[in-house]
Amino acid sequence: MDLSPGGFLAALPLLSAARTRSISAENPSGERGGGARAEPRAGDPAAGLGTGWKVRPCITLPAGQTTELASITGAGQIQHIWITAEPRAYRDCILRLHWDGEAGPSVEVPLGDFFANGHGLRYNVNSLLVAVNPAGGFNSYWPMPFRASARITVENQGPEDLGNFFYQITYAEGEVPAGAAYFHAQWRRSDTTRTRPEHVLLDGVRGQGHYVGTFLAWSQLSNGWWGEGEVKFFLDGDGAQPTICGTGTEDYFGGAWCFGETYSTPFLGYPLWRRAEGEVPRHGLYRWHVLDPVRFAQDLRVSIQALGWWPDGRFQPLTDDIASVAYWYQTEPHGPFPVLPPREGRFSR
Numbered sequence: 001m002d003l004s005p006g007g008f009l010a011a012l013p014l015l016s017a018a019r020t021r022s023i024s025a026e027n028p029s030g031e032r033g034g035g036a037r038a039e040p041r042a043g044d045p046a047a048g049l050g051t052g053w054k055v056r057p058c059i060t061l062p063a064g065q066t067t068e069l070a071s072i073t074g075a076g077q078i079q080h081i082w083i084t085a086e087p088r089a090y091r092d093c094i095l096r097l098h099w100d101g102e103a104g105p106s107v108e109v110p111l112g113d114f115f116a117n118g119h120g121l122r123y124n125v126n127s128l129l130v131a132v133n134p135a136g137g138f139n140s141y142w143p144m145p146f147r148a149s150a151r152i153t154v155e156n157q158g159p160e161d162l163g164n165f166f167y168q169i170t171y172a173e174g175e176v177p178a179g180a181a182y183f184h185a186q187w188r189r190s191d192t193t194r195t196r197p198e199h200v201l202l203d204g205v206r207g208q209g210h211y212v213g214t215f216l217a218w219s220q221l222s223n224g225w226w227g228e229g230e231v232k233f234f235l236d237g238d239g240a241q242p243t244i245c246g247t248g249t250e251d252y253f254g255g256a257w258c259f260g261e262t263y264s265t266p267f268l269g270y271p272l273w274r275r276a277e278g279e280v281p282r283h284g285l286y287r288w289h290v291l292d293p294v295r296f297a298q299d300l301r302v303s304i305q306a307l308g309w310w311p312d313g314r315f316q317p318l319t320d321d322i323a324s325v326a327y328w329y330q331t332e333p334h335g336p337f338p339v340l341p342p343r344e345g346r347f348s349r
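Take the sequence shown: its letter number 78 is residue 78 in this note's numbering, and every next letter is one higher.
Check each hint, because a few of them may be wrong.
[Said to hold, decoys possible] Distance windows between CB atoms, simulated:
(1) L291 to L14: 33 to 41 Å
(2) R32 to E332: 38 to 46 Å
(3) S149 to Q298: 26 to 34 Å
(4) P342 to T73: 47 to 55 Å
(5) L121 to Q298: 36 to 44 Å
Calculated directly from the structure, the hints in this document are not laboratory data.
Quick reminder that beta carbons are idealized off the backbone N, C-alpha and C, glycines included.
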């Protein structure tokens, strides 16, 4: 399993002792020869075909309960996660990933936001690490190594059972390089203020690692341009001033001059701009630091400012609603995550 940047193409022809496994509703354990075992019942579409056909392609997530999607023992690496569900699941359901028996999750993110679909909305994303294809096919290609075990759950915090939940988790069983760090992702949401128009994407990270991605779901609560704020990385004991400081929101996401249109590319994108009748303007943006990871040795804090313009040409602090997902790799153990807001605290305006 080659984890080096760009290494997947060079390694593609090489033979490996790793063993490919895949977990889905048709093979919940991922075990060898464990697929397509469900027996059709009267009234099932496969009732006339028998075992071995499309009998159990999806599951139902009970309201108020956590469902285990995958429980893997041994060393390996998750290579691809595909999920599709109704849009009401995007903020109602929480995706969690645990490595090596840890008590707290290394990934804890609302389902849609993990796949760069924010605000509880469905829209396409055409990038290297995350692809969302018509109509709502969520794909993640983040490499996720583990050494002893991996556990993936989804919690339905909505008031109703959620049917037609489809998923497939493909992984390789095999040795993990000694230098491979663990994948993490964390969701945060805040309303910026005039006195401190800053949204914190990540804080409290301790240990060695590298930051690899940002997704923002930005709700604009006033008219006009909203993206003059800078993204700042505070590394390894930085105080009030960051080591890495960007020049503006559209600049960080690879655009320029207030964007002007949406786009979706392998590493950077602005796939969502929406202002329907009766709604505030809403934006979705991503940047994957695949070829330019932000490396830290001891600690990390990441923030973004919310700035527009006053009519006289001065920067205007904005009171906007910003939700984010930060993606990074680090050594374990990781620091505690902030408590996720309850379901009503995740509704979009």
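Now the hints, each set against the structure:
Our hint of 33 to 41 Å for L291 and L14 is violated, since their Cβ atoms are close to 22 Å apart. Between R32 and E332 the Cβ separation comes to about 29 Å, which falls outside the hinted range of 38 to 46 Å. A hinted range of 26 to 34 Å for the beta carbons of S149 and Q298 is consistent with their spacing of about 28 Å. The hinted range of 47 to 55 Å is not satisfied by P342 and T73, whose Cβ atoms lie roughly 33 Å apart.
One distance hint, 36 to 44 Å for the beta-carbon pair L121 and Q298, holds here, with the actual separation near 38 Å.
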